Amino acid sequence: MASEKTHVRTTLNGEATEYLCETNQSLLEVLRDVLLLTGTKEGCNDGNCGACTVNMDGRIVDSCLVLGVEAEGAEILTIEGVATPEGLHPIQQAFLENAALQCGICTPGFIIASKALLEKEPNPSEARIRHWLAGNLCRCTGYDKIVKAVVAAANTIGGKK
Amino acid sequence: MATVWIPTPYRDLVGGAETVTVAGSTVRQITRNLDTVYPGFWERLVDDETDRIRAGVSVIINGVVVGTALHEPVGENDEVHYLPAIAGGHP
Amino acid sequence: MTTSDKKKYKVIGTTPIRHDGADKVTGRAVYGIDFHTTGMLWGKILRSPHAHAKIKSIDATKALALPGVHAVVTGKDMAVARDIEVEAGETSLNYMHLSDNVMARDKALYKGHAVAAVAADTQHIAEEALGLIEVDYEVLTPVLNGREGMKSDAPLIHPDQTTKIMAFRFDPGTDSGEKSNIAGKSQLKLGDIDAGFKEADFIVEREYTTSWVHQGYIEAQNATAHWNNDDNITVWNSSQGTFNQRQLMAEILKHPVSQIKMVPMEIGGGFGGKIPVYLEIPAAMLSKKTGHPVKMTMTRTEVFEGTGPASAAQMKAKVGATKDGRITAAYAELVFEAGAFPGSAVGAGAQGMFTTYNIENVLIDGYDVVVNKPKSAAYRSPGTPQACFPAEAVIDELAELVGMDPLDFRMKNAAKEGDRRADGVQHPEMGNLECMEALKASDHYKSDLGGPNRGRGVASGYWGNAGMPASCSIAINADGTVSLAEGSPDIGGSRTSIAMMCAEAFGIAAEDVHPSIKDTDSIGYQGLTAGSSTTLRNGWAVFEVTNQAIELIKARAARLWETEPENVDFADGVFFSKAEKELKLTFKEMTGKLMETGGPISVAASVAPRGAGPSFTTHMVDVEVDPETGKVEILRYTAAQDVGTMIHPDYVEGQVQGGAVQGIGWALNEEYFFSDKGAMLNASYLDYRVPTMLDLPMIDTILVEHANPDHPFGVRGVAEISVVPPLGALANAIYAAVGVRMRDLPMAPHKIVKALQEKNGKTK
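Quick mapping for you: the protein sequence lines, in order, are chains A, B and C. Each residue of the first sequence is one higher than the one before, counting from 1 in my numbering. Each residue of the second sequence is one higher than the one before, counting from 162 in my numbering. Each residue of the third sequence is one higher than the one before, counting from 253 in my numbering.
For the record, the hints were derived by calculation from the structure and aren't laboratory data. Among these hints, one or two may not hold up.
Using 27 angstroms as the maximum straight-line C-alpha spacing, the simulated DSSO-like pairs for lysine-lysine come out as follows [claimed, not checked]: (1) K260(C) - K836(C); (2) K506(C) - K308(C); (3) K5(A) - K314(C); (4) K148(A) - K698(C); (5) K540(C) - K314(C); (6) K929(C) - K306(C).
All figures in this text were calculated on a predicted structure; none of them were measured in a lab.
All chains should be built: construct the whole structure from the sequences, respecting the hints.
Spelled out as structure tokens, the structure:
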């Protein structure tokens, strides 16, 4: 049943991107099912797990709670836009070096959320990290190594700057 | 003779004994001989259709889980257990 | 703690970056839920709104008339599966029950039970179509509690079911003959508990309950199936065992195993919950009907309501000890709610319950009771967290009565090699006491609690671990690298551990081995990614293929050096001539000479290892309880576990930490709330409340490396056991903090406040 679709223009991972979407499709659905960018994961589709976290105009949002049509004119960063041809982002590298993932399904959301934190606050305390990332669920690691990875990434980024 | 540990609900078949000694050099022989002296064991433990120990039962010899094959060798002084296959929570 | 074994190895015990790491941190890894293929339709399941209801009729006419809808299937479209018990991986199951759980036929047995499935152009159309399928139900009275369900006047969920008095779930030998919701009664008995309790100076007897909890994997169940025109079926999904699921699919669809290919996509968590099949069957049926590949995914609510959580349990425990602290007898009664079909993990719970202790007289009665709730599935050390909770709580009370430190009391009674478990089996070599000793020597144990309303608790745990078959193949590349194929879905980094053992054997770097996980047409049989067995059994497979390859390469070196193969040896990554010392080539150098000495080399092997090596652990936790709100804050947590030889220590530690946190959730927050009609009222992550990062401190570990003597690399399963002790440890810590014994999980704030009010009311 073809309903009328809306033409949406965004900047996605730094590149001008256009798509057609139905009004009832979430940004998460658009990313995954229309643009086939499946790095943004679906965990609950009701805003409780953070697996679908993307950065939208400088704020982290659960993309399952944003409609595709709301992204008109927005700048969106997904996990696919974090690494560069030069290599992994220090947060990605820190997640690997600290074994901060097991199954890895929550990892893209954690990386997007951690990146926003470190851009805002380059040296967060453990308590601050735990507070900032409390909306991202991980069922494998017990979070210990994720906290350590974010601290390690902050140190790397700080040392470079 | 191997020492066979009798599963608790079957101990009525052997007058309440925890263990009995049984002759035999394979699981098949042990189970047959057990059944000869204490009838009922073979039917409870063996699936004749597949000629194997029943699904859900695990044979343990000297503490090592050996599975459900009747031809599994049993040594002279071995200790044989028939236990529920661990896991649980099946589909 | 480390052992001298470490020196033996160059790769084992190091922490290389995982081989799938870059894919997983960049979003490129393709999970089951990410799979897309050309011409794909979307499927959705219609689920019963009632916990117990007769399905009188299903009318899909209106749904089928909706534009974009391609097909609808119901339970009536399925062949009747065989009513027999079979081996399936590490467990056994009844095909008819499994089939009826996948799709209800005559009766819906829990809220969320699948009754129909629809395939449509989009997810949204499929969802809309569900609302147009008309089902006429006759609502029946549900059974919602194990003890209630055991009563003779309870409504019968399966009218023909009688109680099997069983050592084994499916023993046909003894049947009560009485119709009952009690599917099975089992018993473990060692020694004489009456005599044991007579010897005791102190006896504690208590009752405990736990709630239904879910594994909570972040990736929901999903499956994409294509039933091709040549009758070959391909399924892309995330599962904990492709070969097991292939067998289940073949049986339920009555289709040859050889015509089903299961493709393991990356898996976003499982913890036991992704062993069964659910969506795979309706997806395949819809694909057959439509000619298109059909993708199905569950919503989070469907995951809670329609998959296999861990059983709630109602339990009694009674333990006796002498004045000098020797446990003389233990008794337990375990009632496990199996869910809609028989087969809870009560047997495994009984086998794990008092197993960390050497007790000469033990009796454990177990009841497997069907209730109108989702069919339980495996969850990390199935059955054992529930059963060890009462054991550890009663033992804590006994330690207090005897006047001993709870850790000392456990050490005094700790099971050692040669002691007998309740089922009579003797313990093999293991590190139970070492874990307790390590904890006693820790800074944590020696530290002060440093404030009021704070307390420390300890608890121990056991899990037997499993063996299961494995297969792998290697191809030696001319540049000194190795392509390693295996078939076990990698749920937490196992492909890297397996590659590391391969690298160790050849004397090359972990990065020089390239592991991949193959579909069921491309690799030999594998057991489940379950039972903490993946690294253990694939380590055996790797040991086989690398040994075979080394022998083949030796022959090539002999050819090169114009001598006999027996004159060539291999050590520390170097092939050398025994006679002429200057003749030596590294593994890498040799691989460059394979083409000129007879061509490429590849080796495949299958193994069925035994001697899994059991796991033992003891945890210690400090808490602060807010007496006003009942909130429990975890101040410090240490888990000591016998982990055998660690292949990748970071991922071993991660398993210990992750399991401990799942146990913390089980203890403090997580539960299914059911309405009086059997509807789950909190079927979302927010309301179900798994632990967040903010709820926890760092999880410290003490990893005791007691190598498994029955494994070529000393591997012992590590993944499951850490979920076991937190339940008891937290209950004991809360008592130490504020003096109330919590016996009903989860130990939610309102329950603690109520317990404190009752306690203060009594003492005032």
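*asked:* Please verify whether K5(A) and K314(C) have alpha carbons no more than 27 angstroms apart.
replied: holds, 25 angstroms
Q.
Does K314(C) sit within 27 angstroms of K540(C), going by the straight-line distance between their CA atoms?
A. Satisfied, since the Cα-Cα distance of roughly 21 angstroms is no more than 27 angstroms.
Is K929(C) close enough to K306(C), meaning Cα to Cα at most 27 angstroms? holds, 15 angstroms
| said: K148(A) and K698(C) were given as a pair; does the straight-line alpha-carbon distance stay at or below 27 angstroms? | reply: holds, 25 angstroms
*asked:* Between the alpha carbons of K260(C) and K836(C), is the straight-line distance 27 angstroms or under?
replied: Holds: K260(C) and K836(C) sit about 22 angstroms apart, inside 27 angstroms.
Inset, instruction - Sort out whether K308(C) lies within 27 angstroms of K506(C), counting only the CA atoms. - result: holds, 26 angstroms
Consistency note: the structure conflicts with none of the earlier hints.
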